[in-house]
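Residues per chain are reported as follows:
Number of protein chains: 2
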Amino acid sequence: MSGDLGAEVVVRAAAATLAKYQHVNLVLVGDETELSALAGNIVGADARLSIRHASEVVAMSEPPAEALRKKKDSSMRVAINLVKDGSADACVSAGNTGALMATAKFVLKMLPGIDRPAIIAELPALGGSLHMLDLGANTQATPEQLFQYAVMGSIVAADINGIEAPRVSLLNIGAEDTKGHDTVKEAAALLSASALNYVGFIEGTDLMSGKTDVVVTDGFTGNVALKTMEGTVGLCKHHLRTAFSRNWFTKLQAFLAAPVLRALASNMDSRNYNGATLAGLNGIVIKSHGSADAYAFQHAIDTAIVEVRNQLPQQIGSLLKKEAA
Amino acid sequence: MSGDLGAEVVVRAAAATLAKYQHVNLVLVGDETELSALAGNIVGADARLSIRHASEVVAMSEPPAEALRKKKDSSMRVAINLVKDGSADACVSAGNTGALMATAKFVLKMLPGIDRPAIIAELPALGGSLHMLDLGANTQATPEQLFQYAVMGSIVAADINGIEAPRVSLLNIGAEDTKGHDTVKEAAALLSASALNYVGFIEGTDLMSGKTDVVVTDGFTGNVALKTMEGTVGLCKHHLRTAFSRNWFTKLQAFLAAPVLRALASNMDSRNYNGATLAGLNGIVIKSHGSADAYAFQHAIDTAIVEVRNQLPQQIGSLLKKEAA
Chain G
1 MSGDLGAEVV VRAAAATLAK YQHVNLVLVG DETELSALAG NIVGADARLS IRHASEVVAM
61 SEPPAEALRK KKDSSMRVAI NLVKDGSADA CVSAGNTGAL MATAKFVLKM LPGIDRPAII
121 AELPALGGSL HMLDLGANTQ ATPEQLFQYA VMGSIVAADI NGIEAPRVSL LNIGAEDTKG
181 HDTVKEAAAL LSASALNYVG FIEGTDLMSG KTDVVVTDGF TGNVALKTME GTVGLCKHHL
241 RTAFSRNWFT KLQAFLAAPV LRALASNMDS RNYNGATLAG LNGIVIKSHG SADAYAFQHA
301 IDTAIVEVRN QLPQQIGSLL KKEAA
Chain F
1 MSGDLGAEVV VRAAAATLAK YQHVNLVLVG DETELSALAG NIVGADARLS IRHASEVVAM
61 SEPPAEALRK KKDSSMRVAI NLVKDGSADA CVSAGNTGAL MATAKFVLKM LPGIDRPAII
121 AELPALGGSL HMLDLGANTQ ATPEQLFQYA VMGSIVAADI NGIEAPRVSL LNIGAEDTKG
181 HDTVKEAAAL LSASALNYVG FIEGTDLMSG KTDVVVTDGF TGNVALKTME GTVGLCKHHL
241 RTAFSRNWFT KLQAFLAAPV LRALASNMDS RNYNGATLAG LNGIVIKSHG SADAYAFQHA
301 IDTAIVEVRN QLPQQIGSLL KKEAA
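In the order they appear, the protein sequences are chains G and F.
Numbered as in our numbering, the first sequence ends at 325 without a single skipped number.
Numbered as in our numbering, the second sequence ends at 325 without a single skipped number.
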């Protein structure tokens, strides 16, 4: 209910998901009247889709603490409750990030050994993809928390992409040991002493170079880096569009080059990377971009399905236990 | 002497600068034998170019404190000394950033009211450019230091781009007042109370959107954002190249679209933005990218010339005095 584009996007993504997978059941959580109007015909035809009523919606601008305290029957809260009581294996939401995180942390609790959840997402990289965290769950992180992020990132990369011993890097302002502030240097010491495949510091220039599988950083820096990528891709696309629409000759070129430009757009299309995991929770919660369309939202559901199949929380928990031993 | 590509790049940039400007004098500082071999014919023909011998070179990997203590006759140190004693109006170097900053701070001193230098550069933005600082001079910054950066950034934007009342933003992970850590919130309070044209928080997505003229952040975040932009542009270019070289048909398209692709490349060419200012010093020092070619290095000299014409240090000093009053 609480994404920027409303419930219709979610219903369309649900329909596409049911067509794609044989053994997936979906519950639409929210206003029953609205959801029935949008999805009634699918619910009637396919027993794998059901509707669960929730009387409230958390607004995008609502302070997380307030949403948590006052909206006990929000679509977000009810969906997370379904994960808590085992009626659902995962929750996917395009709603208010802060409220989703606060609610998920309160209802599901953290895994033992994890202080705070971190937001992790898969991003485009040369020859594959990379997993970066924290993308904004917490503005600051201690060296120990960065270490926990590294454990979680390793599991996600190994699970989702099947990478054995994923290469883990710390985002820093230089590759040399002497670079950066104390937090990042101390985290490097912890990672060097661990069983993780820590490969050192990485700079912004090399984020998408294919040299690393997991990039660990605090939520402030990670959020800025992620959004700067998005903004830069937008500027590149803008310049291409402008250049190709200058006159009839460049427009003809654009027409001829359309398949190539579409390939570029698809490579850099953030919709193909939609669906960030709230890692560290005792349960699976996926955050979709607030303005995701049905195509992007479906990708977020895909991510949830992969994590359920691979029992992500259990795997993070057992690796943490191994590291602590 | 100390850039990645050696003195030849600098000599070629110097020759181009002399051809472009009538009233500029240049001093090449470094090994006299090497510089004479490279530039002897120009020095003979044009009295505006001279050579000043320096017996040492600071290596790229040399710790700044060591360079400062041990290499008193490095090309970098001698060049900055020329600024100190008034023989030169500005110093441009492609050498070790940390050593350049430490040496400049030690020799030239800070302007009254400025704690530390900040690295500021002009970057591409929609419909113009933006000035961002700190790009890595200091890994952390207090709210007061962020405020000082804002003052320096305003002056540079006004001076270099002639923008009246440049719009100043703080880089943050959300646009709302409640977002971010305490440092950025306290800096926002200082800026709101100042005479600067503070327009609020800005997210990474909007850095290059044309909504702001000056972006203020700590050196860690700024460096990551800058390098992430570079890396993202590189990935876009790579995808374009790959897509266009797939087969003879796409190669033909690339040939037809070459002027458009060149326009894109030029718009996003970091060489056109080479030359970062070490702001806050009592003197003008410009840092060129270590791997700058002659074209890029010439752009760094251009920046120095504009700052000399506009007496940048004096302007920053007087605005700070006004803000303190």
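Hints are supplied without guarantee of correctness; some may be wrong.
[Said to hold, decoys possible] Below 30 Å or equal to it, Euclidean Cα-Cα: the simulated DSS-like pairs (lysine-lysine) are:
1. G:K211 x F:K237
2. G:K70 x F:K185
3. F:K211 x F:K185
4. G:K20 x G:K185
5. G:K237 x F:K237
6. G:K109 x F:K237
7. G:K72 x G:K84
8. F:K70 x G:K185
9. G:K179 x F:K322
10. F:K237 x G:K72
11. G:K70 x F:K179
12. F:K72 x G:K70
13. G:K185 x F:K322
14. G:K237 x F:K70
15. F:K322 x F:K185
16. G:K185 x F:K179
17. F:K20 x G:K179
18. F:K211 x G:K70
19. G:K84 x F:K179
[Unchecked claim] Where chain G lies over chain F, by a calculated footprint (3+ residues, C-beta under 8 Å):
20. 38-47
21. 124-138
22. 174-186
23. 227-234
24. 309-317
[What the hints assert, rightly or not] Anything over 12 Å on all C-beta distances counts as not near chain G; from chain F, calculated:
25. Y21
26. P63
27. V78
28. A195
29. E203
Simulated from the structure, these hints should not be mistaken for lab results.
For clarity, every value in this text was computed on a predicted model and none was experimentally measured.
Here a beta-carbon is modelled for each residue, glycine too, at the ideal position from N, C-alpha and C.
field: Given coverage of the region 174-186 of chain F by chain G, checked by CB-CB distance under 8 Å (3 or more)
entry: holds (count 4)
query: the region 309-317 of chain F covered by chain G? Criterion: 3 or more residues, Cβ-Cβ distance below 8 Å.
result: Result for this restraint: violated, n = 0.
field: Distance restraint between F:K322 and F:K185, which requires alpha-carbon spacing of 30 Å or less
entry: 23 Å, holds
task: Could you grab the alpha-carbon distance between G:K84 and F:K179 and see if it respects the 30 Å cut-off?
output: Roughly 29 Å separates the two Cα atoms, so the pair holds.
- prompt: Regarding the pair G:K237 and F:K70, is the alpha-carbon distance no greater than 30 Å?
  reply: The given pair, whose Cα atoms are some 49 Å apart, is violated under the 30 Å limit.
task: Take the C-alpha atoms of F:K20 and G:K179, compute the straight-line distance between them, and say whether it is at most 30 Å.
output: 38 Å, violated
- request: Please settle this one: F:A195 was flagged as non-interface, so is its CB more than 12 Å from every CB on chain G?
  value: 27 Å, holds
- prompt: When you check the alpha-carbon spacing of G:K20 and G:K185, does it fall within 30 Å?
  reply: Roughly 45 Å separates the two Cα atoms, so the pair is violated.
- request: Mind verifying the non-interface call on F:Y21? Its CB should be farther than 12 Å from each CB in chain G.
  value: 30 Å, holds
- request: Take a quick look at whether G:K211 and F:K237 sit within 30 Å of each other, Cα to Cα.
  value: Holds: G:K211 and F:K237 sit about 18 Å apart, inside 30 Å.
- prompt: Going by Cβ atoms, does F:P63 stay more than 12 Å from chain G at every point?
  reply: 7 Å, violated
message: A cut-off of 12 Å on Cβ-Cβ distance, and F:E203 was said to be off the interface with chain G. Does that hold?
response: The claim breaks: F:E203 does not keep its Cβ more than 12 Å from every Cβ of chain G (closest is about 5 Å).
The earlier numbered hints that this structure contradicts are 4, 6, 9, 10, 12, 13, 14, 17, 18, 20, 24, 26 and 29.
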